[in-house]
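Taken in sequence, the protein lines are chains A and B.
Position one of the first sequence corresponds to residue 1 (my numbering), numbered consecutively onward.
Position one of the second sequence corresponds to residue 1 (my numbering), numbered consecutively onward.
Keep in mind that the hints were calculated from the coordinates and are not lab data.
Small disclaimer: the values here were computed from a predicted structure and weren't measured.
Check each hint, because a few of them may be wrong.
[What the hints assert, rightly or not] Below are the SDA-like pairs computed for lysine to any residue, each with C-alpha atoms no more than 20 angstroms apart in a straight line:
id, chain 1, residue 1, chain 2, residue 2
1, B, LYS98, A, VAL115
2, A, LYS104, B, GLN94
3, A, LYS104, B, ALA78
4, A, LYS104, B, SER58
5, B, LYS26, A, GLU59
6, A, LYS104, B, LEU61
7, A, LYS104, B, HIS45
8, A, LYS9, B, ASN38
9, A, LYS9, A, LYS104
10, B, LYS98, A, ALA2
11, B, LYS26, B, HIS57
12, A, LYS104, B, THR64
13, A, LYS104, B, GLN14
14, A, LYS104, B, LEU11
15, B, LYS98, A, LEU113
16, A, LYS104, B, ILE13
17, A, LYS104, B, HIS57
18, B, LYS98, A, ALA82
19, A, LYS104, B, GLU15
20, B, LYS26, A, GLY40
21, B, LYS98, A, VAL50
22, A, LYS9, A, SER96
23, A, LYS104, B, LEU48
24, B, LYS26, A, MET41
25, A, LYS104, B, SER68
26, B, LYS98, A, LYS9
27, A, LYS104, B, PRO8
28, A, LYS104, B, LYS56
29, A, LYS104, B, ASN110
30, A, LYS9, B, ARG41
31, A, LYS104, A, ALA2
[Unchecked claim] Covered by chain B, per the in silico footprint, the following chain A stretches (three or more residues, Cβ under 8 angstroms):
id, stretch
32, 40-48
33, 107-115
[Said to hold, decoys possible] Non-contacting residues of chain B with respect to chain A, defined by C-beta distances greater than 12 angstroms in every case (computed):
id, residue
34, GLY16
35, ALA19
36, THR27
37, ARG41
38, LYS69
39, THR77
40, LYS98
Cβ coordinates follow ideal geometry from the N, Cα and C atoms, glycine included.
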Amino acid sequence: NAGVTQTPKFQVLKTGQSMTLQCAQDMNHEYMSWYRQDPGMGLRLIHYSVGAGITDQGEVPNGYNVSRSTTEDFPLRLLSAAPSQTSVYFCASSYSIGGARDEKLFFGSGTQLSVL
Amino acid sequence: SQQGEEDPQALSIQEGENATMNCSYKTSINNLQWYRQNSGRGLVHLILIRSNEREKHSGRLRVTLDTSKKSSSLLITASRAADTASYFCATDGQGAQKLVFGQGTRLTINP
C-alpha cells in the first residue's frame, strides 16, 4: 500500500513552459485535492475532486488545470509557468468528505517546483 | 483567506516539557483537525475534533475546542526530540471539501 504518490519530487521550469504534476493514490479514496505551500502562507487549496469526472476550484486555481478520469489519478497541469508558481505542491486524498466517516487527509511527499 | 491562525508561530522548549499551540478561526465549523509536518515531508494527520466535542486525547496529544471563542489548542505532553516539526490546524468552515490550513507553528524540541 503506497498511499499517495507524487512525481516528480523536484522540477525546474522556465517561465512559459508547461508541465504536469502527477498524483496517484491506491486507497480507493473518492476525494483528492492539490495544495501549494509557500513560506509563511500555510497551505492553500488549488483544486479538488470528489470523484472521477468531478473537479472544482479552490482558493488559488488560476494558472492550473486538473482532470479526474480515474479514481486513482489526479494530475495538476501548469499551463504556462510563472515565477509566482514557485512553491511546494502537495496532493492529498481522503475516504470521504462531508460524510460521517473520518475525513482526515492523507498527503503525498510533495513536489518542489522552481520557475525561473 | 486563512481560516485558521496558529499561535505562536514558533516555539522552542526543552525535551520533556509540554508544548501548547493555539489555533483561532473565523467562521463556524463542523470539525477541526491538527496535522504535523516534518521538514521536507508531507503533512500527517494527528487528530480530528468535531464541533460537539470539547476535548479529545490521543496518546500524548490533547486537543481542546471552544466553539464560543472559535479556538482550539493542541497540547503535546512530555515532548521528545522526534516531536520537532511544524503543526497545522485545518478547518472546514468554507465547506467540507475545502479544508483551510493555518500558517502553522514551528516546534523545536531541544535535547
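(message) Check whether the Cα positions of B:LYS98 and A:VAL50 lie no farther apart than 20 angstroms.
(response) Holds, because 11 angstroms separates the two Cα atoms, which is no more than 20 angstroms.
(message) If we take the beta carbon of B:THR77, is the closest beta carbon in chain A still more than 12 angstroms away?
(response) Since the minimum Cβ distance to chain A is about 22 angstroms, B:THR77 lies beyond 12 angstroms and the statement holds.
(message) What's the verdict on A:LYS9 and B:ASN38, does the C-alpha distance respect the 20 angstroms limit or exceed it?
(response) 16 angstroms, holds
(request) Starting from A:LYS104, check that the Cα of B:HIS57 is at most 20 angstroms away, please. (result) It holds: about 16 angstroms lies between the C-alpha atoms, which stays within 20 angstroms.
(message) Need the status of pair A:LYS104, B:LEU48: alpha-carbon distance at most 20 angstroms?
(response) Status holds; Cα separation ~7 angstroms.
(request) Evaluate the condition: distance from the CB of B:LYS69 to the nearest CB of chain A exceeds 12 angstroms. (result) About 21 angstroms separates B:LYS69 from the closest Cβ of chain A, which puts it past 12 angstroms; holds.
(message) Checking one constraint from the list: CA of A:LYS9 to CA of B:ARG41, max 20 angstroms. Satisfied?
(response) 11 angstroms, holds
(message) Would the hint linking B:LYS26 and A:GLY40 be met if the CA-CA limit is 20 angstroms?
(response) 19 angstroms, holds
(request) Starting from A:LYS104, check that the Cα of B:GLU15 is at most 20 angstroms away, please. (result) 29 angstroms, violated
(request) Please settle this one: B:LYS98 was flagged as non-interface, so is its CB more than 12 angstroms from every CB on chain A? (result) It is violated; B:LYS98 is separated from chain A by about 6 angstroms at its closest Cβ, not greater than 12 angstroms.
(message) According to the definition I'm using, a residue is off the interface if its beta carbon is farther than 12 angstroms from all beta carbons of the partner; does B:ARG41 meet that for chain A?
(response) The claim is violated: B:ARG41 sits with its nearest Cβ about 6 angstroms from chain A, within 12 angstroms.
(message) Given the hinted pair A:LYS9 and A:LYS104, is their Cα-Cα distance within 20 angstroms?
(response) 23 angstroms, violated
In this structure, the earlier hints numbered 1, 3, 9, 10, 11, 13, 14, 15, 16, 18, 19, 22, 25, 26, 27, 29, 37, 40 are contradicted, and the remaining ones agree with it.
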